[in-house]
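**Student:** Read off the chains here:
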Amino acid sequence: MSEKNTSLAFDALVVGGGIAGGEAALNLATNGFKVLVVEKDLSVGGKMIHLSKVFPTLDCSACITTPKVSEISRHPLITIFTETEVKGIVKNGENDFDAKVVRKPRYVIAEDCTGCQLCEEACPVNVPDQYQYGLVGRKAAYIPFSIASPRVAAIDIENCTLCGACERACPTKCIDFTQKPVEYSVKVRTVVVATGFNLFDPVNIPRYGFGEYKNVITSMQMERQLAPTRPFHTILRPGDGKMPDKIAYVLCTGSRDASVGNPICSQICCMYSIKQAQLLMGALPMADITIYYINIRSFGKGFEEFYEQAKGMGVNFVKGKIGKITENAKGNLILRYEDINENILKEAEHDMVVLSVGVLPNTESEKLFVDKSLQLDEYNFVKQPEQLVSPAKTSIKGVFVAGTASGPMDIPDSILSAGSASSEAISYLNNK
Amino acid sequence: MEPEKGKTAKFLKEQQAVSPAAIENLKQFTRIKKSIVDALKEEELTISQLSEKLAMPKTDVLYYLMSLLKYGIVEKGEIDDMDEYFTYKIKKVNE
Ligand SMILES: Cc1cc2nc3c(=O)[nH]c(=O)nc-3n(C[C@H](O)[C@H](O)[C@H](O)COP(=O)(O)OP(=O)(O)OC[C@H]3O[C@@H](n4cnc5c(N)ncnc54)[C@H](O)[C@@H]3O)c2cc1C
Ligand code: SF4
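Protein chains in written order, with our numbering: chain L, 1 to 432; chain H, 1 to 95.
The hints are simulated quantities; they were obtained by calculation from the structure and are not laboratory data. Bear in mind that the values here come from a model prediction, so they are computed numbers and not experimental data. Ideal Cβ placement from N, Cα and C applies to all residues, glycine included. A portion of the hints provided could be inaccurate.
Unchecked claim - Using C-beta positions, here's what the derived DEER-type ranges look like: (1) H:Lys27 with L:Ser146: 42 to 50 Å; (2) L:Gly88 with H:Lys27: 25 to 33 Å; (3) L:Asp201 with H:Glu78: 35 to 43 Å; (4) L:Arg168 with H:Pro57: 33 to 41 Å; (5) L:Glu121 with H:Asp38: 18 to 26 Å; (6) H:Glu2 with L:Thr229: 32 to 40 Å; (7) H:Ala17 with L:Glu212: 46 to 54 Å; (8) H:Ala17 with L:Gly323: 46 to 54 Å; (9) H:Asp38 with L:Ser185: 54 to 62 Å; (10) H:Glu2 with L:Ser146: 33 to 41 Å; (11) H:Met56 with L:Val370: 46 to 54 Å; (12) L:Ser395 with H:Lys27: 50 to 58 Å.
Claimed, not checked - Capping the alpha-carbon separation at 20 Å, the derived lysine to aspartate or glutamate pairs in EDC-like fashion look like this: (13) L:Lys330 with H:Glu52; (14) H:Lys7 with L:Glu121; (15) H:Lys27 with L:Glu121; (16) L:Lys246 with H:Asp83; (17) L:Lys246 with H:Asp80; (18) L:Lys173 with H:Asp80; (19) H:Lys92 with L:Asp371; (20) H:Lys76 with H:Glu14; (21) L:Lys180 with H:Glu2; (22) L:Lys40 with L:Glu366.
Stated by the list, open to error - Computed footprint of chain H on chain L; a stretch qualifies when at least three of its residues, placed anywhere within it, have a C-beta under 8 Å from a C-beta of chain H: (23) 163-171; (24) 185-199.
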């Protein structure tokens, strides 16, 4: 660990640089407050930056995220620390917080990197690309993804063999293996928690065969397959590279299921599955898409119409509970399910299955504070003690919550929630 | 002593050992990459054909082949009459 300790001061600390954290930071900065955004990943943008299109408008997600992210990155009152984690925040009094944050080495001098990717080309290593959810490889010296912000190389030190090829290839000599973690002491007057959500890991439902049957994938993997920066040249089954033509969706995978510890509805899975089904019908016009559901939750503006539109396009909706998935010799999947309307057990064969995985809390938020307790609700999302009147308030005065850190929600609601968190934070800052 | 700019990997290598898993992973990729490239130099092949030729599971062939496609070493060929499986070939570089 480097001895270098750096002291900084900001009006607001925003923890998490997803769409909610970004929006909250932008609102605070537009009102004249100095903001530090701390993001643990190599890029800001959260999950949204990796989506294909968004429901219910089918706008291109990257086209919405990129200008927003660039506005946040360029704002003179916003400082962004990527690959950085909060070690602990102490509240000394009102409008007075001390935060310790640790910035991990990227092994690249960010200011000098032009994003030319010559290091990537030279690197001989290949490891699963986390931003393509393991479907394809990436190098150990790599630009995280094409629309990453910052679009700067990073070295995956765990998988690097220190061969030096990247350094020799880099025209600006900005690769620096001497970098060490740097700890900063940051004084702030308010904190916005925007740590987002985690995705349910379907290996926890062994009867669906995820991991064992390669043609069973998650909705996030399908999201990547549908994006312009997709892992493959077209949509393919990971088991053998076949272009699928009979695809099934299993809704509520890891949601509304007390047996896996998550009894609540994830609110977004029905709609993103309906979105993906429509996009698949566009990409694979001959394909048959079936959505197995318990109930369709189409509660938002334009959602019911979006659902009807999918039906009109020929997407099959089957009210059925999946018991077990097995694989046959052709790599096709046999879904055994209870037809809820007819109350009988049925079987259906599909050549690819997409598990619509649910939203889980990111409990890291609880560990951010040292001396005070940031309380969580019964489902482990950040507790909103005044949910009806001041939904952004938390159990700590001067600390506000934005986006999915407080519960499952879609992008428009995350942005609204960030608006609420930033306005509560501004009024707290103004009431010294 | 401060290491020379552009030669810092050597400096770190002297200070800390490279993980054996990272070295093993690199060896494995280099071997697989060579075997795929050699096979495709002979003829255009589907994933199933490559899998048989290299005695490697189809899912692994797909993962490595798509990585090589991403790195610009391989490109897709034609799709079969059933519109199911593509062939793959070595990418021609325009001189
Ligand atoms: C498959 C799929 C498809 C979807 N499709 C749509 C759609 O079409 N339309 C729609 O409206 N919504 C969609 N959504 C929902 C959408 O992704 C979320 O609403 C949105 O991403 C929530 O934003 P957020 O900022 O709250 O959280 P996140 O996107 O999770 O961002 C949180 C950020 O905080 C960072 N972070 C976490 N912990 C820490 C920490 N301790 N310190 C520092 N940083 C931290 C994370 O790295 C991340 O960058 C989809 C979701 C999924 C899974
Ligand atoms: S680190 Fe160097 S070689 Fe790699 S992208 Fe940046 S400038 Fe290019």
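**Student:** Could you run down the list of hints and mark each one as holding or not?
**Tutor:** Evaluation of the provided hints:
{"no.": "1", "hint": "H:Lys27 with L:Ser146: 42 to 50 Å", "verdict": "violated, 29 Å"}
{"no.": "2", "hint": "L:Gly88 with H:Lys27: 25 to 33 Å", "verdict": "violated, 41 Å"}
{"no.": "3", "hint": "L:Asp201 with H:Glu78: 35 to 43 Å", "verdict": "holds, 38 Å"}
{"no.": "4", "hint": "L:Arg168 with H:Pro57: 33 to 41 Å", "verdict": "holds, 35 Å"}
{"no.": "5", "hint": "L:Glu121 with H:Asp38: 18 to 26 Å", "verdict": "holds, 21 Å"}
{"no.": "6", "hint": "H:Glu2 with L:Thr229: 32 to 40 Å", "verdict": "holds, 39 Å"}
{"no.": "7", "hint": "H:Ala17 with L:Glu212: 46 to 54 Å", "verdict": "violated, 35 Å"}
{"no.": "8", "hint": "H:Ala17 with L:Gly323: 46 to 54 Å", "verdict": "holds, 50 Å"}
{"no.": "9", "hint": "H:Asp38 with L:Ser185: 54 to 62 Å", "verdict": "holds, 56 Å"}
{"no.": "10", "hint": "H:Glu2 with L:Ser146: 33 to 41 Å", "verdict": "holds, 34 Å"}
{"no.": "11", "hint": "H:Met56 with L:Val370: 46 to 54 Å", "verdict": "holds, 51 Å"}
{"no.": "12", "hint": "L:Ser395 with H:Lys27: 50 to 58 Å", "verdict": "holds, 52 Å"}
{"no.": "13", "hint": "L:Lys330 with H:Glu52", "verdict": "holds, 15 Å"}
{"no.": "14", "hint": "H:Lys7 with L:Glu121", "verdict": "holds, 18 Å"}
{"no.": "15", "hint": "H:Lys27 with L:Glu121", "verdict": "holds, 17 Å"}
{"no.": "16", "hint": "L:Lys246 with H:Asp83", "verdict": "holds, 13 Å"}
{"no.": "17", "hint": "L:Lys246 with H:Asp80", "verdict": "holds, 18 Å"}
{"no.": "18", "hint": "L:Lys173 with H:Asp80", "verdict": "violated, 47 Å"}
{"no.": "19", "hint": "H:Lys92 with L:Asp371", "verdict": "violated, 62 Å"}
{"no.": "20", "hint": "H:Lys76 with H:Glu14", "verdict": "violated, 42 Å"}
{"no.": "21", "hint": "L:Lys180 with H:Glu2", "verdict": "holds, 14 Å"}
{"no.": "22", "hint": "L:Lys40 with L:Glu366", "verdict": "holds, 16 Å"}
{"no.": "23", "hint": "163-171", "verdict": "holds (count 6)"}
{"no.": "24", "hint": "185-199", "verdict": "violated (count 0)"}
In terms of the numbered hints stated before, the structure departs from hints 1, 2, 7, 18, 19, 20 and 24, listed from lowest to highest.
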